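S.K.: If you want the building blocks of each chain, they are given just below.
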Amino acid sequence: MRDDKTILEDLAASVISMDEMKAVAVSEEALERGIGAYEAITGGLVKGMEAMGASFEKGAVFVPELLLASEALYAGLDVLRPHVVGRAKHTVGKAVIGVVEGDTHDIGKNLVKLMLEAAGFEIIDLGRDVPIQRFLEAAVDNGADLIGVSTLMTTTMRGMRELVDLLVEAGIRDRFKVLVGGAPVSRSFARQIGADGYAANAVAAVSAAKELVGNLVPGQ
Amino acid sequence: MTGVALLDRLRSAGHRLAFPVGGLVGATLTGTDVPSNMRDAGTKFRSTVAFVEAFGPDVVFYMGDVAVEAEALGARVDYLDGAMPSVVEPLLVGRDDLAAVRAPDLSDSRTGVNIECVRMLTGRFPELTVLAQVVGPLTLASALLGYEEAMRLVYKDPDFVHEVLERAVTDVLVPYATSQVEAGGSLLWIGEPTGVLLSPPLFERFCLPYLRHLIDAVSVPALVHMCGDSTPHLGLLMQTGALGLSLDHLVDLPRAAQRAPEGVLLIGNIDPVVVMLNGTHEDVRRACDDLLDAMQPYPNFILSTGCSTPFATPPQNVRTLMEAAHKWAV
Chain A
1 MRDDKTILED LAASVISMDE MKAVAVSEEA LERGIGAYEA ITGGLVKGME AMGASFEKGA
61 VFVPELLLAS EALYAGLDVL RPHVVGRAKH TVGKAVIGVV EGDTHDIGKN LVKLMLEAAG
121 FEIIDLGRDV PIQRFLEAAV DNGADLIGVS TLMTTTMRGM RELVDLLVEA GIRDRFKVLV
181 GGAPVSRSFA RQIGADGYAA NAVAAVSAAK ELVGNLVPGQ
Chain B
221 MTGVALLDRL RSAGHRLAFP VGGLVGATLT GTDVPSNMRD AGTKFRSTVA FVEAFGPDVV
281 FYMGDVAVEA EALGARVDYL DGAMPSVVEP LLVGRDDLAA VRAPDLSDSR TGVNIECVRM
341 LTGRFPELTV LAQVVGPLTL ASALLGYEEA MRLVYKDPDF VHEVLERAVT DVLVPYATSQ
401 VEAGGSLLWI GEPTGVLLSP PLFERFCLPY LRHLIDAVSV PALVHMCGDS TPHLGLLMQT
461 GALGLSLDHL VDLPRAAQRA PEGVLLIGNI DPVVVMLNGT HEDVRRACDD LLDAMQPYPN
521 FILSTGCSTP FATPPQNVRT LMEAAHKWAV
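Residue numbers (this note's numbering), protein chains in the order written: chain A, 1 to 220; chain B, 221 to 550.
There's no promise every hint is true.
Unchecked claim - Here chain B is said to cover these stretches of chain A; the calculated rule only asks that three of the stretch's residues, wherever they fall, bring their Cβ under 8 Å from a Cβ of chain B: (1) 53-65; (2) 105-112; (3) 150-164; (4) 178-186.
Claimed, not checked - Calculated cross-link-like contacts (lysine to any residue; reagent style SDA-like; alpha-carbon spacing at most 25 Å): (5) Lys47(A) with Thr451(B); (6) Lys376(B) with Gly108(A); (7) Lys376(B) with Lys5(A); (8) Lys210(A) with Lys22(A); (9) Lys376(B) with Leu114(A); (10) Lys376(B) with His105(A); (11) Lys376(B) with Leu456(B); (12) Lys58(A) with Pro474(B); (13) Lys5(A) with Tyr38(A); (14) Lys376(B) with Glu71(A); (15) Lys58(A) with Ala183(A); (16) Lys58(A) with Gly276(B).
Hints were generated in silico from the structure; no laboratory data involved.
On a predicted model such as this, the values are computed, not experimentally measured, just so you know.
The beta carbon of each residue, even a glycine, is placed where N, CA and C say it ideally should be.
Next up, chain B with everything else stripped away, as it sits in the complex:
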């Protein structure tokens, strides 16, 4: 199913669609650890299959992470305490470092694991939308420069930041997204968590143009995810050219829907920690029903979590979210 076909299904299903953000819970279903899933396509594939078969989400979301592209460029990545991989040391300290960076061989790194995983998932679930996934340009640039240093450099050396952003999009993100699309991914998920740290004027300079460049360059529609309270950034997010926006629990989603241009999908935004991880299934049902009720006037809505569904989320809670949506007639 293509991204556009997802829209058709949205209109014809007669009920709301849903999917939780992220595939980490799949690892608990298969009893595998995060590093094994991150490093091996087969393990990740099996965890994702288990997730899809257990919960019936409306898109297929393999376990992604924010370090995979930086790692492909040569950044040092660590799995602290068996947790998610993270970039532990900046790759780029100065312009010389940037000059030394080469477009990576995507098959030769964990990017290859994910491309292969997309291929296997598309083969296994031909009737479902399989997500291609990339980190956003600003988040990749920040991983390469050092997350905090990037926040200083936007003032102290903006030209350098722009160079890194440009290379991030051209050398890595477009090719990596395209490879996943060629493997069968029919919708592009762009995770841009660091965007929320910038003021709207800086977001407009250092994030928006690069998101647009990436989205324009890839042949399938995009969904942009930004964590945290992105309320100040909503107007700009709606200019990215993305088909949909995945927003976190701090955003007032019905209000966002009022300002969204026609055709823009809003996705979200159940609290992943207080409700999904720590709530009872009744808490989950109540939160979902409240949101589904508030979003009733808006056809372009997919129920989801506000951000990645934590590893230890009780499967019953995921099931409850899916049921709440699929039982909600529109």
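This is chain A alone, in the form it adopts within the complex:
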């Protein structure tokens, strides 16, 4: 019989080796062994995803590997999530994310989504080519803590400035943290437009998002 620690390590390993079938099998084994579903997720699958994120940031793995690891992660989550009790409502924060109006490049945004979800955020994904007003509406309607905006083109960066201005105009700037990213975006641009944070890649987005929502009272 394998012990709990080995099973958790194996869950992480299934994500790192991008093995969907293994993630499912070991998730089922974890449940059979009486390992709490929440623990199997955070102590097993998510640890694997964090390791992949670290490898991605170091340049040891690239976009395909991160995407395939996330498939293994989600396959395991499909098995485990229905069995999470009690802590089901616990999230680190709620984020509305999307690619700014006029732009359809969404691989980066999708990587941010999966890394934030793995880190415990609830994500409302608005997709791509998202009108600025829509970011605001979704943030308000969902009681979000954070608005994440991405673009790959210089011509659409102005949408990020417009969003911040719109929030100010609506008198709700203080209700949300604004996090921006994308190849042409920089920390100084983020500062210039009055955004709260900038992240250079999907992994950096997790620590930036955690830091930004950490300053908010839950449910604010």
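Please arrange chain B on chain A, whose structure you already have, making use of the hints.
M.R.: For chain B alone, kept in the frame of chain A given last:
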């Protein structure tokens, strides 16, 4: 002037050569919008002429885009918000879709616009190198499969990806490049932005062989452009058979030059956003001079931007880049 003649000029000019990547700034000079330039050869031609006359680049670079070949195959393309055309829906979901694809009639699509534009530019500037331009095989295959889906398929269905890559090169890219060459294009620019998303081992399987196939099949020398930090891919890029590599601002160009085989041109790599778009002309001059200084030991270098020069780049900044190079004695 042929691609080879460009090399001769490189050696005999007595100063550095330069050209900014892309021709978008030409549209601001003629006061035309992107969609008009993309759809009409005459408009694109006039914007390119305005660019050449304003800035004197050492190659003629018409306004290209990454969607033109996919569109010729039937992919749905949109000009969101009057911006650059982009493929909004994958054309190929399964093998049946691939079976239904036919080699396109190049004159019947925006490929025809660009071929005509090359013809007009060669006529107007017989003494200059006019670039033929294609998207790279991996980027075309990704546009057809869905950019993110392609990144998954390299693991989940590699055979299918290889089939799409093969058809991309054979059915579209070689014929399209050849038509532009026949129209007078004397150097082939291959834009392969998605290459940087793959690990080097996957790049070696899914990008390198197809770049080589394309480059071998076309009768003029090629310049391969890859955006982003391509430092991990440099060794493989240097095996493509390309005459030159256009590299983005994140790459240490002098270090790349140290490892480049003799005869390989390095092109780049001023930051197109922080410096060209948002910098003052003094910022541009400083960045160019610093790079020109660092590249002094390397004869096979052309000053350029790291990636496409943004639409709203101040013309003075483009002028400054050109002057910096043309005033730099070698």
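S.K.: Hint by hint, note whether the structure agrees.
M.R.: Hint-by-hint comparison with the structure:
1. Coverage of the segment 53-65 of chain A by chain B holds. Counting CB-CB distances below 8 Å, 6 residues qualify, and the rule asks for three or more.
2. A count of 4 residues in the segment 105-112 of chain A with a Cβ less than 8 Å from any Cβ of chain B is obtained; the coverage claim is therefore met, three being the minimum.
3. Only when three residues or more bring their CB closer than 8 Å to a CB of chain B does the claim for the segment 150-164 of chain A stand; here the count is 4, and the claim holds.
4. With 3 residues bearing a CB less than 8 Å from a CB of chain B, the segment 178-186 of chain A meets the requirement of three and the coverage assertion stands.
5. For the hint pairing lysine 47(A) with threonine 451(B), the CA-to-CA distance comes to about 29 Å; that exceeds 25 Å, so the pair is violated.
6. Proposed proximity of lysine 376(B) and glycine 108(A) is supported: the alpha carbons are some 20 Å apart, at most 25 Å.
7. A distance of roughly 30 Å separates the Cα atoms of lysine 376(B) and lysine 5(A); the hinted pair therefore is violated under the 25 Å criterion.
8. The suggested pairing of lysine 210(A) with lysine 22(A) is violated, with an alpha-carbon distance near 30 Å, which exceeds 25 Å.
9. A threshold of 25 Å between alpha carbons decides the hint, and for lysine 376(B) with leucine 114(A) the separation of about 19 Å falls inside it, so the pair holds.
10. With a CA separation close to 22 Å, the supplied pair lysine 376(B) and histidine 105(A) stays within the 25 Å bound.
11. Of the supplied pair hints, the one linking lysine 376(B) and leucine 456(B) holds, its CA atoms being roughly 24 Å apart against a limit of 25 Å.
12. The hinted pair formed by lysine 58(A) and proline 474(B) meets the criterion: a straight-line CA distance of about 23 Å does not exceed 25 Å.
13. As the CA atoms of lysine 5(A) and tyrosine 38(A) are separated by approximately 14 Å, the hinted pair is consistent with the 25 Å bound.
14. A hinted pair counts as satisfied when its Cα atoms are at most 25 Å apart, and lysine 376(B) with glutamate 71(A) qualifies at roughly 11 Å.
15. Among the hinted pairs, lysine 58(A) with alanine 183(A) is consistent with the structure: their alpha-carbon atoms are about 17 Å apart, no more than 25 Å.
16. Our distance criterion of 25 Å between C-alpha atoms is broken by lysine 58(A) and glycine 276(B), whose separation comes to about 41 Å.
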